[in-house]
Amino acid sequence: MDAGNAAKYRGVPFSTDGIILEVQCHLRTLYAARTLTSTQWKGDLHQAAVMGFIFRQQVPQAPSIMRWHAPSPSWFKFNTDGSSLGNPGLAGAAGIIRDSAGYVHLAYQFALGTRTSVLAELTAV
Numbered sequence: 014m015d016a017g018n019a020a021k022y023r024g025v026p027f028s029t030d031g032i033i034l035e036v037q038c039h040l041r042t043l044y045a046a047r048t049l050t051s052t053q054w055k056g057d058l059h060q061a062a063v064m065g066f067i068f069r070q071q072v073p074q075a076p077s078i079m080r081w082h083a084p085s086p087s088w089f090k091f092n093t094d095g096s097s098l099g100n101p102g103l104a105g106a107a108g109i110i111r112d113s114a115g116y117v118h119l120a121y122q123f124a125l126g127t128r129t130s131v132l133a134e135l136t137a138v
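Residue 77 in the working numbering sits at position 64 of the sequence shown, and the numbers go up by one each step.
No wet-lab data here; the hints were simulated from the structure.
Careful: at least some of the hints might be erroneous.
List time: in silico EDC-like cross-link candidates among lysine to aspartate or glutamate, alpha-carbon distance up to 20 Å [what the hints assert, rightly or not]:
no.: 1; residue 1: K90; residue 2: E134
no.: 2; residue 1: K21; residue 2: E35
no.: 3; residue 1: K90; residue 2: D112
Please model the complete structure; the sequences and the hints are all you need to start from.
The structure is reproduced here in structure tokens:
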């Protein structure tokens, strides 16, 4: 039983130190289960370190350069993409059809609402 409930229902005196210790215990349990992440300590990583919670530094991934390759003369190329912020999460889809000279014949994009990433990719086609 947590300290607040113990004070209310069992007449145990309320102790702020007891609540702090209880919160620290819960945090240690979450850290040991690897469910605490550095993003949950945004701006307070120093405090996390004081409590003994060490998080590996996230190394930013270098952007990759993408290039469009034209289809053979008299052919068209159809490119699509769909993605979601979370899985499921807010999703969108888009597509474009270009000829061998790169001229755009059709382009579209639309919001899908909440979808999985796979459904967003499939809907884009």
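Cross-check of the supplied hints:
1. K90 - E134: holds, 17 Å
2. K21 - E35: It holds: about 16 Å lies between the C-alpha atoms, which stays within 20 Å.
3. K90 - D112: Satisfied, since the Cα-Cα distance of roughly 6 Å is no more than 20 Å.
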